[in-house]
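One line per chain: the protein sequences are A and B, in this order. Everything in the first sequence is counted per this note's numbering, starting at 1 for the first residue and increasing by one. Everything in the second sequence is counted per this note's numbering, starting at 1 for the first residue and increasing by one.
Check each hint, because a few of them may be wrong.
Said to hold, decoys possible - What follows is a set of in silico ranges between Cβ atoms, one per label pair, in the way DEER data are often shown: (1) A:TYR7 <-> B:VAL175: 43 to 49 Å; (2) A:TYR7 <-> B:PHE102: 48 to 54 Å; (3) A:LYS8 <-> B:ASP226: 56 to 62 Å; (4) B:PHE102 <-> A:GLN3: 51 to 57 Å; (5) A:HIS89 <-> B:ARG225: 41 to 47 Å; (6) B:GLN218 <-> A:ASN66: 48 to 54 Å; (7) A:LYS8 <-> B:ASP251: 52 to 58 Å; (8) A:PRO62 <-> B:ARG131: 26 to 32 Å.
Said to hold, decoys possible - Which residues of chain A face chain B? A few of them, derived with a C-beta cut under 8 Å, are: (9) TYR7; (10) SER15; (11) GLU28; (12) ILE49; (13) GLY59; (14) GLU63; (15) HIS89.
Claimed, not checked - A few chain A positions that, by computed beta-carbon distances, are all more than 12 Å from chain B: (16) THR4; (17) LEU9; (18) GLY27; (19) VAL30; (20) ASN73.
Bear in mind the hints are in silico, worked out from the structure with no lab data behind them. No residue lacks a Cβ here, since even glycine has one placed at the ideal position from N, Cα and C.
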Amino acid sequence: MSQTSAYKLRVRTDSADSNALMLLDGGELVAILVELADESHGEARGQWIIEATFGLKPGYRPEFFNCAADAGNWISQHISDRPFDLGSHIAELL
Amino acid sequence: MSDDKSRSKEIDARDAAQALIDKLGRFVPLNDTEREALRHLARKARRFPRGTDLIGEGDKPVSVFLLLEGWAYRYKSMVDGGRQIMAYLLPGDLCDVQIFLFEEMDHSIGLLSDALVAKIPAAEMLDLMDRFPRIERALMWATLVDEATLREWLLNVGQRDALQRLAHLFCELCVRLSVVNLVDESGTYFLPLTQTELADTTGMTAVHVNRSLQRLRQDGLIVARDGRLTILDFNRLAEVAGFNATYLHTDGPSVEQKLRLRAQ
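Please put together the full structure from these sequences, using the hints given.
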């Protein structure tokens with residue numbers, strides 16, 4: 001079973017949205033999650049989005065997640081047949 | 001389009017055909033008889049609410065839609081719920097002059113705002129083109145411009161960055177709406193689009209559309225408020241977008257001369 005991990009980083013989005021997490025699966029980057037911090041997002045402010053993915057199949061993905069752990073779990077379920085709990089790892093990180 | 005009894009009643013909207021006359025008049029000099037023939041197309045129009053599909057993918061097209069007021073769009077939906085918007089249809093636009101030649105629609109046409117639409121039967125459209133060769137040429141011209149616009153949109157999603165994509169779209173809409181006199185002196189026009197619709201047009205996420213709109217606002221290029229967009233500095237916005245309006249072929253006089261010669 002591959003090892004999934006998360007690391008904090010900052011991204012340049014041309015807005016106040018800079019808090020981010022990168023998710024790695026077996027040492028390979030699979031996704032960047034970003035916290036919506038910019039005032040212009042209105043009610044969505046404080047939620048997390050999947051900013052970018054690498055190697056994931058195209059298809060439906062939720063636009064917003066209540067927290068980074070929810071977004072992380074959604075990604076981890078889509079890169080492996082066996083869901084694993086990335087969420088708790090993310091919770092520790094934040 | 002539903003044909004049930006609850007549909008809105010028929011309206012004589014000949015006056016609203018002015019947008020079509022203004023648009024085609026750019027390509028061909030129209031005489032009074034030709035203008036009247038174009039007005040005649042709008043004698044039986046109906047109002048439809050935003051969100052209505054005029055025709056869906058897979059439906060058999062039997063008529064041509066003439067948009068008199070409001071905005072429509074061409075789109076294709078993905079099985080997983082994704083959607084790509086391929087064109088906006090603005091007042092004065094005809095949705096595919098000869099679409100009835102196809103057995104089946106390969107995309108859908110829906111309404112982005114409340115709209116006034118005339119549904120023109122295939123036979124009437126063919127008759128119009130037979131009787132008025134210059135109108136036929138103007139319609140062919142309009143079709144070519146639609147194709148050129150699609151090429152530009154392809155360039156938009158394939159080659160331009162987020163800011164450029166939105167800037168380019170706003171410049172294009174300003175030029176197209178100017179032709180039908182729907183941009184006021186302050187550079188403001190009706191823009192009935194949600195951020196999700198802009199996202200589905202430009203191949204971006206709604207979140208990134210929002211960020212890019214903020215940037216355009218902060219740079220003093222646009223103001224977007226209450227479903228209206230104001231371009232504060234067209235030249236600078238065009239510079240950001242790399243916008244060149246040639247593909248819209250709105251340069252009347254030279255075109256007019258060409259068609260005048262050919263019509264003799």
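Status of each hint after checking the structure:
no., hint, in the structure
1, A:TYR7 <-> B:VAL175: 43 to 49 Å, "holds, 47 Å"
2, A:TYR7 <-> B:PHE102: 48 to 54 Å, "holds, 52 Å"
3, A:LYS8 <-> B:ASP226: 56 to 62 Å, "violated, 39 Å"
4, B:PHE102 <-> A:GLN3: 51 to 57 Å, "holds, 53 Å"
5, A:HIS89 <-> B:ARG225: 41 to 47 Å, "holds, 43 Å"
6, B:GLN218 <-> A:ASN66: 48 to 54 Å, "violated, 29 Å"
7, A:LYS8 <-> B:ASP251: 52 to 58 Å, "holds, 54 Å"
8, A:PRO62 <-> B:ARG131: 26 to 32 Å, "violated, 55 Å"
9, TYR7, "violated, 22 Å"
10, SER15, "holds, 4 Å"
11, GLU28, "violated, 23 Å"
12, ILE49, "holds, 5 Å"
13, GLY59, "holds, 4 Å"
14, GLU63, "holds, 7 Å"
15, HIS89, "violated, 24 Å"
16, THR4, "holds, 23 Å"
17, LEU9, "holds, 18 Å"
18, GLY27, "holds, 27 Å"
19, VAL30, "holds, 18 Å"
20, ASN73, "holds, 20 Å"
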